[in-house]
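Given next are the chains, with one letter for each unit.
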Amino acid sequence: MSEFEFQRYVTIGQYIPTDSIIHRLDPRTRIMGGLFLLLAVTLAPSLAGLLLALVLVVALTRMARVPVGYALRGLLAPLPFIAFLALLQVVLSPASGAAPTLWQWGPLRISMLGIANSIRVVLRFPALILLITTASACTSTSEMVRGLEALLHPLTRIRLPVQDFVLMVQVALRFVPLLAREAERIAKSQASRGAVWGTGRGGPLRRARQALPIFVPLFLVSLQRAESLAIAMDARGYRSFGERTSLVSLHFTRADFLALLACLAASVLIGLV
Amino acid sequence: MEPIIVLDQVSYCYPVPGSNPQPALHDLSLQVNEGEYVAILGANGSGKSTLARHLNALLLPDQGRVVVAGLDTRQASQRSEIRRTVGMVFQRPEDQIVATLVSHDVAFGPENLGLTPDDIRVRVESALRAVDLWDERDRPPHMLSAGQMQRLALAGVLAVRPRCIVFDEVTAMLDPAGRRAARALMAELHREGLTVITITHLMEEALDASRVVVLNDGEAVLDGTPGDVFSDVARLEPLGLDLPAVANLAHALRAHHPALPPGLLSLPDLVEALEALRCRVALDRRGPTCPPSVSDRAARKSWGPTRPPSALVAAAGLGHTYMLGTPFARRALEDVRLSIRAGEAHGLIGATGSGKSTLLQHLNGLMRPQEGTLRVGSYDLTDLKADIAAVRRIVGLVFQMPEVQIFEQYVGDEIAYGPRLAGLHGEDLRKRVRWAMDLVGLDFDSFKDRFTFAISGGEKRKVAVAATLALRPELLLLDEPTAGLDPSSRRELLIRLKQLQDGGMTLMLSSHQMEDVAELSQRLTVMVEGTTVLDGDAATVFGVGDRLENWGLEQPVVARLAHALDVRGWDLQPGIVDQDVLIDVLESRLEPTP
Chain V
1 MSEFEFQRYV TIGQYIPTDS IIHRLDPRTR IMGGLFLLLA VTLAPSLAGL
51 LLALVLVVAL TRMARVPVGY ALRGLLAPLP FIAFLALLQV VLSPASGAAP
101 TLWQWGPLRI SMLGIANSIR VVLRFPALIL LITTASACTS TSEMVRGLEA
151 LLHPLTRIRL PVQDFVLMVQ VALRFVPLLA REAERIAKSQ ASRGAVWGTG
201 RGGPLRRARQ ALPIFVPLFL VSLQRAESLA IAMDARGYRS FGERTSLVSL
251 HFTRADFLAL LACLAASVLI GLV
Chain Y
1001 MEPIIVLDQV SYCYPVPGSN PQPALHDLSL QVNEGEYVAI LGANGSGKST
1051 LARHLNALLL PDQGRVVVAG LDTRQASQRS EIRRTVGMVF QRPEDQIVAT
1101 LVSHDVAFGP ENLGLTPDDI RVRVESALRA VDLWDERDRP PHMLSAGQMQ
1151 RLALAGVLAV RPRCIVFDEV TAMLDPAGRR AARALMAELH REGLTVITIT
1201 HLMEEALDAS RVVVLNDGEA VLDGTPGDVF SDVARLEPLG LDLPAVANLA
1251 HALRAHHPAL PPGLLSLPDL VEALEALRCR VALDRRGPTC PPSVSDRAAR
1301 KSWGPTRPPS ALVAAAGLGH TYMLGTPFAR RALEDVRLSI RAGEAHGLIG
1351 ATGSGKSTLL QHLNGLMRPQ EGTLRVGSYD LTDLKADIAA VRRIVGLVFQ
1401 MPEVQIFEQY VGDEIAYGPR LAGLHGEDLR KRVRWAMDLV GLDFDSFKDR
1451 FTFAISGGEK RKVAVAATLA LRPELLLLDE PTAGLDPSSR RELLIRLKQL
1501 QDGGMTLMLS SHQMEDVAEL SQRLTVMVEG TTVLDGDAAT VFGVGDRLEN
1551 WGLEQPVVAR LAHALDVRGW DLQPGIVDQD VLIDVLESRL EPTP
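As you go down the protein sequences, you meet chains V and Y in turn.
Mapping of the first sequence onto the working numbering: position 197 corresponds to residue 197, and the numbering continues sequentially without gaps.
Quick note, the working numbering runs 1000 ahead of the 1-based positions in the second sequence.
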């Protein structure tokens, strides 16, 4: 177990080729279906809806043959933040006629509404993280790019730089693990020079100063890498508005149609329950 | 022959915000013919990469013009045609890869050309087959080895079917096997009629080319066959260059045997010349041949412990798995044994991905042993309560390309960072920084207030090494210390490291440059696929011959020559790796009997 293995905690954006039935769907189906579900989970108003969403998303993760435990590891980093948010929800929810107040001290009050709100936060976040992790585990960036490109293609008619946008997304995703590795290397290097991480001593200014040895090189390295990549892409003949073709041809089949319909139905259900 | 690239009095300056532009190319004229194989050499900062980027319109000249296949690079409408003609492979393959699948990445170029999916598929397949990666087509690129990734970058360029390919220091980060494969590929492309331009810091690679161009301060100062360019070492040194290792050895041998002809660049040539010399000597000898003797100098040079040395580092059964407990779990170390004696320089060699960096990171507690035992000094690192901060104080680690980790504005502050955290301040801190800078050969007074971003690549490397030395470690670990340095910076760094060892510091260095390892280290450990397979003195390790090649490594040139002569029946003592020893032994064989 290493304090430096940052990549362990970056589960979002990692493609896992398990060749499940979900992997075999058309990328457009995966993107649209994922978006429907994402919207539904984000906006679902009721506890029952969120519970249903969580169950569905876990089922989806299993169907994609992504280890659920691994996908949930992405929760570790934002866990304190989620806990804090949940706590705020408990103590700061406004009073309402329907929900009785259980306990009050000054502006702080615990009401049934507050508890319900807090449970919603606690349900919503794992569902979101599982959904995003699974979606990225099922879709390689090239597939996603092809799918996005096809979906957004109509926008090129009004001269929107769809290709650039799509490529930007692709490159950003490809860089996530790369930057995690770079950050790890830099942190290790500074630790070798006597830096101590995570002691949490000193005021905010001092702590910001402690972070400098990582952020400055990381920032510079990212810029350098972005520049090299841009040059390499240029050298390989990439042009913003050039006519591009693709190796991958997309096929929208009956299975895609059914999957999309299922996602839409599930999303509506989550939103309405 | 048709010129494919013409540079006509090209000048180029990099714009520097708020300051004078920095000149990179100056009035450079050069013509490359279709089908040529050109190597471009020059010190760090001599303008090699800038030149390369002019060849396919990534940069446009401030003055003069660049014409590629009859098209002026300044005409925007011709740019895609130019880039289709001249392809480029860069140093870091991971920065050139756009897609998350091997085949999709190779398709990127043809997709930009607007070809049909069927045409793209054909090109992707033939490009991947050409670099022997067809079986890996459905894997994500970051799962490939460094050598494979470099070949993938090349496949991406081949798929565009250019007439000329520019290789910008592509072998700098590769292990010997990767370098051999890359050189073979370049030679093959050249045989097939492509124009090949390669930029390199490794003089050996220039020998493959039919023409060598040397740059200095943005000007082409030498241009000729490898034989011409490497004929005079005195001319190369001021340019920051060196002779190829074989030529250097031949040069040293000529000092003892003036009968050797000049201009010996390749190992077979040198072997033939020595054979010829031996025949002549044999003819001259009338009396009985004297028995071969190893001179005092050779005996003194043969390494061996004079008194039982204590082990500073001892590891046994060490194992490590990355991302343990995730779908990406990957075994990095298995059953590693290691012993480093106090005061020695210990070399760590092995192919890319054999676990060298992982092992080094265990030695200063950045990684804790998952299996096995590890002792460093008096600290048992398997003990979870071990004082890791104290371990890091006695073991300094300089990472690969350490200059990217520089974060302070001034050189002095960068070096003071570690000691300052250790509690030093005022005059003590000053003294410590001065001491560390002296050790790497940076003048304290003139360098401490220089901006870290405004010094040369070789100087940055020194600053980074000094920043670790400033902690006054007992053991200094260096991961690829000379990678990416030009010959003269490399030579200087090696001399400094040797001085550190003479001063009592224990060194451990991992390197893909066998010459560096052979020159610096007394003992070596070889790693293959995460485990240590061999350790011993340099003579033992480099004496195993062909097995080294199977492990993705090679012998240093002295050992290769000794081996080649031995095969020809010279009957040399086994395991000669030191140049002076070889010279002495050859002297005893080639001396006419008095």
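Calculated from the structure, these hints are not laboratory results.
Predicted, not measured: the structure shown is a model, and the values here were computed from it.
Think of the CB as a built atom: it goes at the ideal place given N, C-alpha and C, for glycine as much as any other residue.
Worth double-checking, as some hints may not be accurate.
Output of the computed footprint for chain V on chain Y, the stretches with three or more beta carbons under 8 Å from beta carbons of chain V [unchecked claim]:
{"#": "1", "region": "1019 to 1028"}
{"#": "2", "region": "1090 to 1102"}
{"#": "3", "region": "1357 to 1368"}
{"#": "4", "region": "1387 to 1393"}
Only part of the chain V face toward chain Y is listed, based on derived beta-carbon distances under 7 Å [stated by the list, open to error]:
{"#": "5", "residue": "20"}
{"#": "6", "residue": "194"}
{"#": "7", "residue": "210"}
{"#": "8", "residue": "217"}
{"#": "9", "residue": "218"}
{"#": "10", "residue": "221"}
{"#": "11", "residue": "231"}
Each hint tested on the structure:
Counting residues of the region 1019 to 1028 of chain Y whose C-beta sits closer than 8 Å to any C-beta of chain V gives 0, which falls short of three, so the coverage hint is violated. Under a criterion of three residues with beta carbons nearer than 8 Å to beta carbons of chain V, the stated coverage of the region 1090 to 1102 of chain Y is upheld, 10 such residues being counted. Here the region 1357 to 1368 of chain Y counts 5 residues with a CB under 8 Å from a CB of chain V, which clears the bar of 3, and the coverage holds. With a threshold of 8 Å between beta carbons, the proposed coverage of the region 1387 to 1393 of chain Y by chain V holds, since 3 of its residues qualify and at least three are required.
Hint status for residue 20/V relative to chain Y: violated, with the closest Cβ pair at about 13 Å, above 7 Å. Because the beta carbon of residue 194/V sits about 4 Å from the nearest beta carbon in chain Y, less than 7 Å, this interface hint is met. Taking 7 Å as the C-beta contact cut-off toward chain Y, the hint placing residue 210/V at the interface is violated, the least distance being around 10 Å. Evaluation of the residue 217/V hint against chain Y yields a held restraint, the C-beta minimum of about 5 Å falling below 7 Å.
Restraint check, residue 218/V versus chain Y: the minimum CB separation of about 9 Å is more than 7 Å; hint violated. The closest approach between the C-beta of residue 221/V and any C-beta of chain Y is roughly 6 Å, which is under the 7 Å cut-off, so the hint is satisfied. Annotation: residue 231/V was flagged as interfacial toward chain Y, and the flag holds, the nearest CB pair being 6 Å apart, inside 7 Å.
Hint violations for this structure: numbers 1, 5, 7, 9, all remaining hints satisfied.
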